[in-house]
Structure formats: C-alpha cells, structure tokens
Amino acid sequence: MSRGALKTGKSMRLGRQPGEVLDRSRQFVFTWNGRKYPAFGGDTIISALSAAGESVFSRSFKYHRPRGLLTASFLDPGCNVQVGDEPNVRGAHRKVEPHMAASAQNAWPSLRFDVKSANRYLERFLPPGFYYKTFMEPQRLWPLYERVLQRFAGGGKASPDAPHGYYDKRYAHPDVVVAGGGPAGMGAAVAAAEAGARVMLVEEEHELGGHLRWGDEEDLAALRRLGEEVARNSTIEVMTDSVVTGRYDGNWVAVSQRSLPRVEERLIKARTKTLVVAPGLIERPYVFQGNDAPGVMLSTAARRLINLYAVKPGERAVVLTANAEGDAAVADLERAGVEVARVEDARNGGDIGRVRGGQGAREVECGDGARIECDLVVTATGWTAPTSLLNMAGDKPFYNPAAARFFPSRLPEDVLATGGIAGDGSLDELLEHARATGKEAARRARGIGAALRAGIPQSTDGEEAPQDSPVTIPDLPVNGHLELFRGRTHGIVDYSEDVSSKDLVAAVKEGYDSAELAKRYTTATMGPTQGKLETVNAMAVIAEATGRSMEETGATTWRPPYAPITLGALAGRNFEPVRYSPMQPWHERQGARPLVAGAWIRPDHYGDPEAEVRNVRKNVGVIDVTPLGKLDLRGPDVSELLNFLYVNKWSNLEVGKVRYGVMCAEDGVILDDGVTGRLGPEHYLMTTTSSGAAGVLEWIEDWLQTYQPDWRVHVTPVTGAYASINIAGPKSRELLARVAEGVDLSTEAFPYMNVRTGTVAGVEGCFMWRIGFTGELSYEIHVPAAYGLYVWEALMERGADLGVRPFGVEAQRVLRLEKGHFIVGQDTDALTQGFGAGISWAIKLDKEDFVGKPELVWQGERDGYFRLIGLQPHDGSVAPPEASQIVEGKTIVGRITSSRFSSTLERSICLGFVAPHLAEPGTTVTVQLPNGERITARVMEHLAHYDPEGAKARG
Amino acid sequence: MILLPCPHCGPRNASEFRYAGEASTRPDPNATTPEEWRAYLYIKNNPAGWTTEKWFHRTGCRRYFTAERHTVTNEVRETRLPAARLESNS
Ligand SMILES: [Zn+2]
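Residue numbers (this note's numbering), protein chains in the order written: chain D, 1 to 955; chain X, 1001 to 1090.
If you're looking for bench data, these hints aren't it; they were derived computationally from the structure.
Among the hints, erroneous ones may be present.
Have a look at the derived ranges for each label pair, beta carbon to beta carbon [unchecked claim]: (1) X:Arg1080 x D:Gly511: 50 to 56 angstroms; (2) X:Tyr1040 x D:Gly950: 38 to 44 angstroms; (3) D:Pro401 x X:Ile1043: 45 to 51 angstroms; (4) X:Asp1028 x D:Gly932: 50 to 56 angstroms; (5) D:Trp711 x X:Tyr1040: 17 to 23 angstroms; (6) D:Pro561 x X:Asn1074: 37 to 43 angstroms; (7) X:Asp1028 x D:Asn574: 48 to 54 angstroms; (8) D:Glu748 x X:Tyr1040: 47 to 53 angstroms; (9) D:Arg559 x X:Ala1048: 17 to 23 angstroms.
Covered stretches of chain X, going by a simulated chain D footprint (3 or more residues, C-beta under 8 angstroms) [what the hints assert, rightly or not]: (10) 1011-1022; (11) 1028-1042; (12) 1056-1067.
We treat Cβ as the ideally placed atom computed from N, Cα and C, and that holds for glycine.
Just chain D, same shape as in the assembly (with noise of 0.2 angstroms):
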C-alpha cells in the first residue's frame, strides 16, 4: 500500500448502534503517522483508528512498549497523539475533524518499529531510580547525559513558532456548580434549578449522560428523560467537553472549558456558592504480567468502543469480570459479534494470570493455567472513585474495604458530593440521591449568598438569611465489591510512567516504604493520568510490601488541577496594558526607538543618542519626561508629611521654591529621590521616580492611613494628567520665553530651584520648575495632558533656529552621569542606606522623626559602609561594563554600577560602589572586565563629572 492511499485494512467498524455517536452522513479522511483514514463525525481519533483495525496508537514513555486504547475516554494513558504542532492531544476524546494530521509520539523511527523498544529487554537494567542514580556523576558529563534523556523524555513535541491563540478567560458568580455530568449531576442540577439556583453543570465528555450513554436501551431511555429536565431549566449552563480542575479557599473553582467556536480554551473562574461534586466512578485496570499489551482494556472501553463508537474491538476475547459492568461487556461483546472465548468470573476465584503477545495480546494464561488464543482481554475489577475536588476542600476521604473503594468523610458547608462516588444502587435510587443533594445544595446556597450580602457594610439590601431547613439526603446503599489490585504475576501499575509492581516493590525493599516516597521515587501517579487510573493500584502493592493495610498505607495526595489545562489558558488573553505620553505619535514619526520602561514604552533616542547629548550641551534639547511619577498634595499638614516622608527638612520651604529629596524606608534604604515644589501655601507637587510612582503612593497612603490619621491631607495620583517636558541647553531660557506667558523668566526673578505657574504656548495652568538633572540651565514644564503634544510641537517650531532637538533617555542617562545624579535602583541597590549614597548633606538627623531615622543614626556612626564614588579609567578609551567588579586581589570590593562614553569629556566615566578604604579621591582602584581582564580607574573628587560647582544649571 503507498503512502497516501486511503488505508483500507480489515474494517472493524459495526452497523448502527442505539447510543452511537456518530454522524454517518458525514464520511471524511484524515491521516494517521501520514496515511489517510476514513472518518464519521463524532468519531475520536482513536474510534476511527480503531474502526480501521488499528490497535497500536504509542510507545511507553520508559520501556517504549506499544500501547493500545485501555480507557477509550480522556484519560486513556496509551492514546496520547501529535495533532499538527499540539502535542499530548487525548487520541481517544479529541474528535477527529476533516484533513487533521494527526501522528504518534514517542515512537523512533515509526510505531510498529520502535528503536528504543529495545529497553524492554534492559527493563531488569532500568530499575526504579534508575535515571537519578545513573546520570548524576560525573558533572562535567551532565550535557551528554541532557541530551541522552531528552531524546528518550515521553511526550509530543511543541513547535517554538506555535502562534499563540485565542484563550479566553471568565469570572462567573454561579449559585452552584455541579462537576460532572452523568445522571447524578443532572439530577442534581435539575432539583437545583427548580429550587431557584443558577447552575453550571459541567461535564468532561462531549455530551452529558456518564455511563447511561453506553449502556442499554433503559439506560439511553432514561437519559433522554433527563436530558429533556436539563434543556427545560433555562437557569442551568451547560458546559461539555470542560472539567472543573480544582476547587479552592472560597468555594473558587476553576473550570477549563473546551471545544468553543474559535477559542482554543476558556479558563472560567467561578465563585460558587456550593459545589456538587459527582464526577461518577473510574474503571481500574489490574495488575498481571502483560496487561498493558495492545488488546488488553477495561470493560467500560469495550463498553465504549462498542456502543458510543460502533466499533468491535477485537474478534475472541476473554473476559475477567467481578462486577455487573463486566457482566454486561460480556453481552455487549456477544452482540458486537466478538467471540467470547472464556469469562473468568471473580466472584467465584476466576483470574487472569497473564497475557502474551508483543504487538498485541496473543493468548491469554487464565487462572487455572488454560491457555486460550485471543486478540481482546477485557477486565472488569473494580472501581476508583476520583475524590480529587473533595480532598482539595479539605475532606480526608475513607477506603472501605467491603466495597474495595474510597468515600468522602467530613466536607465542608459549601461542598456536597453525589453519584458514584457517594455510593451505588439502583438508577432510581442515585437520582433520589442527586436530586435531593441539588435541592440541598441550591438552599446552602440562598445562606451562603445571604452571608456574603449581609457583609456588605452600608448595604441596603434588608434580605435576611433563610430560614428554611435542610433537605433530608438519602442514604445510598453501598454494593460489595472484591478487593481485585495485583492478581499472581507483575505488571503496569502507571501505564504513563511506565511503573510496574515490581518497580514499587523494589522502592519498597529501598526504603521508600511510605506511598509519597515510593511515588516520588518511581514517578507512579505522576503521569499525565496522574493518578485517576493507578493511584489505588499503586497502594494496594505497597501495602502488600510493606505489610500494612490499605488504610495504614493511605493514598498519596491529590492536587490541582484535576486534569490537565493549557499555558494558554493559564495565561489568558495575550494583552499586556502599556502606557504612552501624549506626544508619542511626534515620536514614532520621528523615528524614535523605543525602551520599555515598567508600564510605560518612550524614547530611547532618536537616531544619535551622542548627537542628542551635545545639542544639549551646546543648543537647547527637549525631552519627553512624562512617566515622571507626579502626587499633588493639598492640605495644612502637608509639610509635616513632607518632613517625615524625606531625609531632609520640609517646613522651611516657602511658596515657589521646589527642593530635591530622598526617601529611605524603615531599613534606612533608599527608596525613592524626586523633586517636591510648594505651589501654594497648602499645595504642593511631588514628582518620584517613574519606576517608583505606584509605590511610593502606596507608601504615603499607608502612613497617612494607618500612622498619622490626624494629619490633614489629600494625594491625588496626577502623573497622567500632566505631560512633562524637559527643556535643557544653554538655550532653554531663550526658548522657554518665546512661549511662556505672564512669567518673567529672569534669573533674579526666576532663579534655581523655584516653580511658577504660568501660561506656555496659550495652554494656562502649566507648572515650570527650574531645576536641573541634566547640569545644564533647564526646565521642567508640566502641561495638561491633552496638550502635551500641542505644546511639545510649539517647543519644536518655536526653538528650530535656537537648533532644539529632542533627546531620550539615553542621551539623559549619559548627561546625568556626567553630573552625577545617581539613578534609584541602579546605582543604589537593596542594601544601599541613605549615607551610603553621597547625601549625607541631606540627612537630618535633627529633625524629630522620619521614615528609617534610627537606622541612618546607627550607619553614621558605624561608618564601615559601601559608598558610592565617581570613577574615571586610566584608559579613558574603556567603559567598563555595568556591574563589572571592583577587586582586589581575589576579593571583590565594590562594583560599577553606571558606565558611559562622555562625548563631552571624551572619555569614560562611570560611578560605583567600595569599600570605605578606596573611598578617597585619587585612590587608584582594580576594575575586573567580564572577559577577565583588569584596568585601574581613579576615584574622583566628586559624583559630577562635569561641572561640579553646578554654576551652569544655576546660570
């Protein structure tokens, strides 16, 4: 047959079936591993797969055994398949669509040929540990050992160009949610509904209905009714091909909603006021030498394949049933046309001994040692209850031994728990069940709504909790069930991680001799099944080693999510909130290139960051400098605040003056510099860093709030109300006067370190300081933001004969080393107090209190303190890369925390940290470059490079 030829191989798929699934008139092809594959809507991969007479669909993760369809559902551990670049698509629930690609994972060079297959017969090689004895020492050889596991890691492969996709996110307030959508959840949601609750009725599968749908004519009969209760009640959501994955404080639930028209997934994140937990009963598989060859599954698979699919799943079978779900896989195979070899009845001492057969099971040793041909081994020994959310509330479910299963013990007010996994009887007797579990469920949830409200301060809503009482729960009876686990040989415990019961029993014998070591130490339960299919299996063979019971030995944990969810829908929408100035769209027309900058993106430069630095120096530049943090303050008691809040002293401050400060925190460490202007005798403007504005707003609201609740005093966060500009150069004043209006701009009238409030370019109630980061005569102007461009392209045709340009924050951040500004964050770090960074002129530690006093007390008298320095190389042709090391000898003793090529001094000038010994003028220090190569640099006199008397800022 040739590659791309429909494969026509021997069709295993039956006539219609009552409960099928399928569309029959939609016939279409999809491939498999490259070949095409006929298709009926409402297939899953794996049931056309199947239909076509396929039976191995991977390769374990450790051993690279093929595997076939066990579970025919979601948690299928062998059906995991690569659908174009999705890797790990659950084969047996994923509905095949028209031209998917889908193909095999694990599997070198092909499916039926697995080069790596050959550690079965190093399995005795491959003992539990193995990887973390194995490839540990020695260190040197860890990149082999990397690439040796990663070609041998499970799992499909993602592509790093996957565009990313619509995943969606949803907050909703349901009254209930009911997980899981078999009868008892609809039941239960449907006595919910008809009690007044809004209702989220979630459900794994494609459709609601749990084992109803594959069982009998009575079983679909009575579904129908149900469903046709659920469709009534308009107050019921109903979310298919979704689960609910975790449950946490509050009653938040997390449900992952799927199969949406052109959303890859929805994560909803529901406060629910009760939950109902009926997520029904897992088939568990059992334990003996070969049960995880092709051909061997449970009886709900067959069950599945069989009814839903109408597909046969194999020609003679053998069937091991200790339950009334086997019995029925036993007629359903009849009916199906499947020879049924042998039933091997537990109930009374039937077994299994082994199945042989490498690509698929060959012939089964039943119990009494009778070896019986067959390709089909059907086992029906019990169940699993997957109590996941209940313990995630906080319930310590019981084992019970008499019914070989789990059951809830003590849950919470807002969590009940109906189905299956509360007990068993007839379906009348569940409904009953559920039915009053929703009606109970819906009146919890009237309190608990009633409660929240009721913590509403100043509410209006007079609505009183009520007084109803309980809805009495029936008990459900509970049916005996073998205890079935291991039978009398080893086989897979964890079909995903490829753990055996030999391989627990050898970590037992180890000493991992409780059931969270001996997972951790062979993986079991950690797989992509993670634990539904072997979690109790996986006890049992503890138990059996250690000699403990089940309930001494108790299960291992479990966590969210209940089942798997994508990055994508963890992460959500991809938006990221960015925060532009008013002036940004002259930016981008100019070409500028941008910085992130936290929330805001602005210019880097425009071209020629050294250009920029020199027209500052010579001419007159502006820049964009509205991140600028911005706090307007009003009210008597502001310089009081103002007092405490810096290092350095507020209350002499007189109108129109503005005063450069820093903020130390509690620890003495500097938190934030800025420039706080007094606009009137109870107004003033703050401006902090940009990095800092959010925070240091916090920080203010919390001592005004929570320590000095009698001062008087309103912050208003404005950093977005006002466009800043900075004008710098020679020319600035020049250029400012052309503009401004009713402000005389003289330097006796308007000298340094002053504010005025004026009119600039017919825009009125803009703020100009006259201050001076970059060394140069400059001003800061501050204009209503919806003129902020407006005034910004005045500036520029105004100043196009004085030679304006605009510079950006590198071009700022070369100017201000050249006068030695430190820069917050960069060249101060978590440990940098206030004395530290060259403002002891600052400090006054006269004043009665402020923020971090004592500890600034106690570092000047310590004085063994780090200090920042300026710093010039020798070699005034190397900039030394920030945070290049300062050493001596082997030791490091300071580090450069700022490094540029001056264009004006032409040279390099840096600042940094050392030592105190190195601290003084002239001091030669060693500078480690990160290729390992060492220059000396001078420490200078002062921070500024350029200007240090600051006559020209003050000009």
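Since the structure of chain D is already known, use the hints to place chain X with the ligand on it.
Chain X with the ligand alone, transformed into the frame defined by chain D:
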C-alpha cells in the same frame, strides 16, 4: 482564592488586595535599640493559627485595614479600619 471582607467594601477577591504584613507597632524612633527596631522590621511570628495582619485594598477603596485571619483555615473573624482620631470632630 480567599474572599477578604474589606471593612469598607465588603467581601472581595484576595487578588484585589496587597498583603501588607503582620500588624506591628512602630517603636519610638528616638528611644529604640537596634534589637527592638530590627524585630519590628524583620521578626514575624508567622503562627499556624490566628494572626493580626495589615491589608491594603489596592484595586478597591485603597484603604489599609487590620484583619484577624486564621492562617490554617483562612477564616477571617474580624476586619477594622485604623482608628481615625479626627472623626469625632467632623
Ligand atoms: Zn475596600
């Protein structure tokens, strides 16, 4: 996610708040010792049980408040705004 009852807004998602640490009292800055001050800065009780802590309703009313929370069950038995001494004058 726990629901935290803001004394001003009522029960809201914890993600609206910033946890501002265990409640502490600022020592007298002019009389304190390094031991006392650093205990105020760094030493937290972190009990498994009832604790008094400070929260900030960052994306809500922007009020700081005190909450008594059980760190094991996340039950919050009391929240209160800091005493505003001026309120009696208004
Ligand atoms: Zn609030």
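For this session: Establish whether the coverage given for the region 1028-1042 of chain X by chain D is satisfied; the threshold is a Cβ-Cβ distance below 8 angstroms, and no fewer than three residues must meet it.
Result: Coverage by chain D holds for the region 1028-1042 of chain X (7 residues, Cβ < 8 angstroms).
For this session: Determine whether the Cβ-Cβ distance between D:Pro561 and X:Asn1074 falls within the hinted range of 37 to 43 angstroms.
Result: violated (20 angstroms)
Exercise. Measuring from beta carbon to beta carbon, are X:Arg1080 and D:Gly511 in 50 to 56 angstroms?
Worked result: Since the Cβ atoms of X:Arg1080 and D:Gly511 sit about 52 angstroms apart, the hinted range of 50 to 56 angstroms holds.
Exercise. So does D:Pro401 sit 45 to 51 angstroms from X:Ile1043, Cβ to Cβ?
Worked result: holds (50 angstroms)
For this session: Closer than 8 angstroms, Cβ to Cβ, for at least three residues: run that test on the region 1056-1067 of chain X against chain D and report holds or violated.
Result: Since 5 is at least three, the answer is holds.
For this session: Look at the Cβ atoms of D:Glu748 and X:Tyr1040 and judge whether their distance stays inside 47 to 53 angstroms.
Result: Taking Cβ atoms as reference, D:Glu748 and X:Tyr1040 lie about 49 angstroms apart, which means the hint holds.
Exercise. Are at least 3 residues of the region 1011-1022 of chain X within less than 8 angstroms of chain D when you compare beta carbons?
Worked result: With 4 residues closer than 8 angstroms to chain D, the region 1011-1022 of chain X meets the three-residue bar; holds.
Exercise. Lying within 17 to 23 angstroms: is that true of the beta-carbon distance D:Arg559 to X:Ala1048?
Worked result: holds (20 angstroms)
Exercise. Do the Cβ positions of X:Asp1028 and D:Asn574 conform to the proposed distance bound of 48 to 54 angstroms?
Worked result: holds (52 angstroms)
Problem set entry | Pairwise beta carbon distance, X:Asp1028 to D:Gly932, judged against the given window 50 to 56 angstroms | holds (52 angstroms)
For this session: Take the C-beta atom of D:Trp711 and the C-beta atom of X:Tyr1040, compute their distance, and say whether it sits inside 17 to 23 angstroms.
Result: Given about 21 angstroms between the Cβ atoms, the range holds.
Exercise. Does the Cβ pair X:Tyr1040, D:Gly950 satisfy 38 to 44 angstroms?
Worked result: Once the Cβ atoms are compared, 39 angstroms apart, the range 38 to 44 angstroms for D:Gly950 and X:Tyr1040 holds.
Of the hints listed earlier, the one the structure fails to meet is number 6.
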